[in-house]
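Colleague: Each chain, letter by letter, is given below.
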Amino acid sequence: GAVVSQHPSRVICKSGTSVKIECRSLDFQATTMFWYRQFPKKSLMLMATSNEGSKATYEQGVEKDKFLINHASLTLSTLTVTSAHPEDSSFYICSARGQGANYNEQFFGPGTRLTVL
Amino acid sequence: GQSLEQPSEVTAVEGAIVQINCTYQTSGFYGLSWYQQHDGGAPTFLSYNALDGLEETGRFSSFLSRSDSYGYLLLQELQMKDSASYFCAATYTGFQKLVFGTGTRLLVSP
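Chains as they are written, first to last, in the numbering used here: chain A, 1 to 117; chain B, 118 to 227.
The following block holds chain B by itself, in its conformation from the complex (with noise of 0.2 Å):
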C-alpha cells in the first residue's frame, strides 16, 4: 500500500536549523507536499517537490529524492511560532487524493 514515514517528534531551540525526513512509497509515486498544522488548526500548504532537488519558500525548504524514495522539509532560523506538527503527503499517479504522512511534531523550546 501507499505509506510515508516521518519521525514521531523533534526537538530544537530557536534560531536553529531542522529537518525532517519522510520516506515514501515508490511504486506510481508523482509528487511530495508538505503541510504544516497547530493544534485544532487546519493543515497549510508549505511547500511541494515533483521534480528531484530542492525548492526553497523564505526560510523554509524542502528537498526531494525519487531515487532514494526520500524527502525533506528544512526549516532555518526557528522561532517558538514553528512548533507544530509537519506532515508530507504524496499523490500517487491514477490516485486522485493525497496521501498524508505519519507526520513529525516539532518542539521549539527558548
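Isolated chain A (complex conformation) (with noise of 0.2 Å):
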C-alpha cells in the first residue's frame, strides 16, 4: 500500500524558533498533500492542501506567514511552522493524495508532535 512518512516524529523547541516538518510520500507520486493540526482527544482540523508546484490553498483562521508550506516535488512537502509560541504546540499530520485519484483517497502520515516550550 501506499506510504507517507514525516519527520521528525516528535521535536521540542523554544518559542521564538522555526521548527520544519516534512512529509514524503515513499512509493508513490503525490499531486497533493494535506496538513492537518489536531488537539488531544480532537479531531483533524485541516490547516492547508497543497498541489505540487503551486501556492497552498490555507483554510479559513490559518495564518499563512506562520505556517509555511511548500510543495516542489511530487514525493515532498514541508510545513514550516515560524516564530513558534506554546499555542502552536500540537500533533501535525500530513496526508497525500496521488495523481488521479479522489479526494477522499489519502494516505496519512504517522505524525508530528510539536512542542513549543
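Since the hints were made in silico from the structure, they are not lab data.
Here the structure is a predicted model, which is why all the values come from computation and not from measurement.
Take these hints with a grain of salt, some might be off.
On the chain A side, residues computed to face chain B include the following (Cβ under 10 Å) [as the list claims (entries may be wrong)]:
id, residue
1, Q6
2, T32
3, E59
4, L68
5, F91
6, G111
Listed next, the in silico EDC-like pairs over lysine to aspartate or glutamate satisfying Cα-Cα at most 20 Å (straight line) [claimed, not checked]:
id, chain 1, residue 1, chain 2, residue 2
7, A, K64, A, E52
8, A, K42, B, E126
9, A, K42, B, D156
10, A, K41, B, D156
11, A, K42, B, D199
12, B, K198, B, E131
13, A, K55, A, D65
14, A, K41, B, E126
15, A, K42, A, D65
16, A, K14, A, E52
17, A, K42, B, E122
18, A, K64, A, E87
19, A, K41, B, D199
For glycine and all other residues, C-beta sits at the position ideal for the given N, C-alpha and C.
Join the two chains, each given in its own frame, into one complex according to the hints.
Modeller: In C-alpha cells form, the structure reads like this:
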C-alpha cells in the first residue's frame, strides 16, 4: 500500500524558533498533500492543501505567514512553523493524494508532535 | 458550513457489535469515508460510501443514507485492538478536501 512518512516524529523547541516538518510519499507521486492539526482527543482540522508546484491553499483562520508550506516535488511537502509559540504545540499530520485519485483516497503520515516551550 | 457530528464516546465488550453514527450537512455532499486512529498514530482508511447502502469489509461495514444525511460504521466481533478513535469524513462537490467529523472514542473492555 501507499506509504507516507513524516520527519521528525517529535520535536521540542524554544518559543520564537522555527520548526520544519517534512512529509514524503515513499512509493507514489503525490500531486496533492494536505496538512492537518490535531489537539488531544479532538478531530483533525485541515490547515492547508498544497498542489505540487503551486501555492498552498489555506483554510480560513490559518495564518499563511506563520505556517509556511512548500510542495516542491511530487514526493515532498514541508510545513514550517515560524516563530513558534506554546499555543502552536500540537500534533501535525500530513496526508497525500496520488494523481487521479479521489479526495477521499488520502494516505496519512504518522504525525509530528510539536512541543513549544 | 460543513460539519459532521458523531457521539463522543462508545463503550462495548469484546465480541460485541457496535455502531458509530455520523450525521453530515447535505448541501453538496459527495461521499463519506471512515478512518481509524489509535492514540498518537496516523488515521487509517476503513471504508467509503458514495451510494446508499452497506459496504462490507471484513469485520467492518459502513452504511450511508443520503436521504437522511446519515451514515454509520458497524464493527462486529469486537477485539481489544479495536479500541481507538473513529472519524467519519465527507467530501463535498467543489471542495477538494476531506471534512472530518468530531470523532468517536471506542473503548472495548474484556
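Colleague: If a hint holds in the structure, say so; if it doesn't, say that too.
Modeller: Hint check:
Proximity of Q6 (chain A) to chain B holds as hinted, the smallest CB-CB distance being about 9 Å (cut-off 10 Å). At a threshold of 10 Å, the smallest CB-CB gap from T32 (chain A) to chain B is about 7 Å, leaving the interface hint in force. Checking E59 (chain A) against chain B by beta carbon gives a least distance of about 8 Å; that is within 10 Å, so the hint holds. This hint is violated: L68 (chain A) has a C-beta 19 Å from the nearest C-beta of chain B, more than the 10 Å allowed.
The restraint placing F91 (chain A) at the interface with chain B holds, with a minimum CB-CB distance near 8 Å, inside the 10 Å limit. Because the beta carbon of G111 (chain A) sits about 6 Å from the nearest beta carbon in chain B, less than 10 Å, this interface hint is met. For the proposed pair K64 (chain A) and E52 (chain A), the alpha carbon gap of about 17 Å is at most 20 Å, so the pair holds. Taking the CA atoms of K42 (chain A) and E126 (chain B), the gap is about 12 Å. The hint holds against a cut of 20 Å.
Proximity of K42 (chain A) to D156 (chain B) is assessed by CA-CA distance (about 11 Å); at most 20 Å being required, the pair is judged to hold. Straight-line distance between C-alpha atoms of K41 (chain A) and D156 (chain B) comes to about 9 Å, which keeps the hinted pair within the 20 Å bound. The hinted pair formed by K42 (chain A) and D199 (chain B) meets the criterion: a straight-line CA distance of about 18 Å does not exceed 20 Å. A C-alpha spacing of about 10 Å is found between K198 (chain B) and E131 (chain B), which places the hinted pair at or below 20 Å, so the restraint holds.
In summary, the hint linking K55 (chain A) to D65 (chain A) is supported, as the alpha carbons are separated by about 12 Å, within the 20 Å threshold. In summary, the hint linking K41 (chain A) to E126 (chain B) is supported, as the alpha carbons are separated by about 11 Å, within the 20 Å threshold. Simply put, K42 (chain A) and D65 (chain A) have alpha-carbon atoms about 25 Å apart, too far for the 20 Å limit, and the pair is violated. Taking the CA atoms of K14 (chain A) and E52 (chain A), the gap is about 31 Å. The hint is violated against a cut of 20 Å.
Under the criterion of a C-alpha separation no larger than 20 Å, the hint pairing K42 (chain A) with E122 (chain B) is consistent with the structure, at around 12 Å. Our distance criterion of 20 Å between C-alpha atoms is met by K64 (chain A) and E87 (chain A), whose separation comes to about 16 Å. For the proposed pair K41 (chain A) and D199 (chain B), the alpha carbon gap of about 16 Å is at most 20 Å, so the pair holds.
In this structure, the earlier hints numbered 4, 15 and 16 are contradicted, and the remaining ones agree with it.
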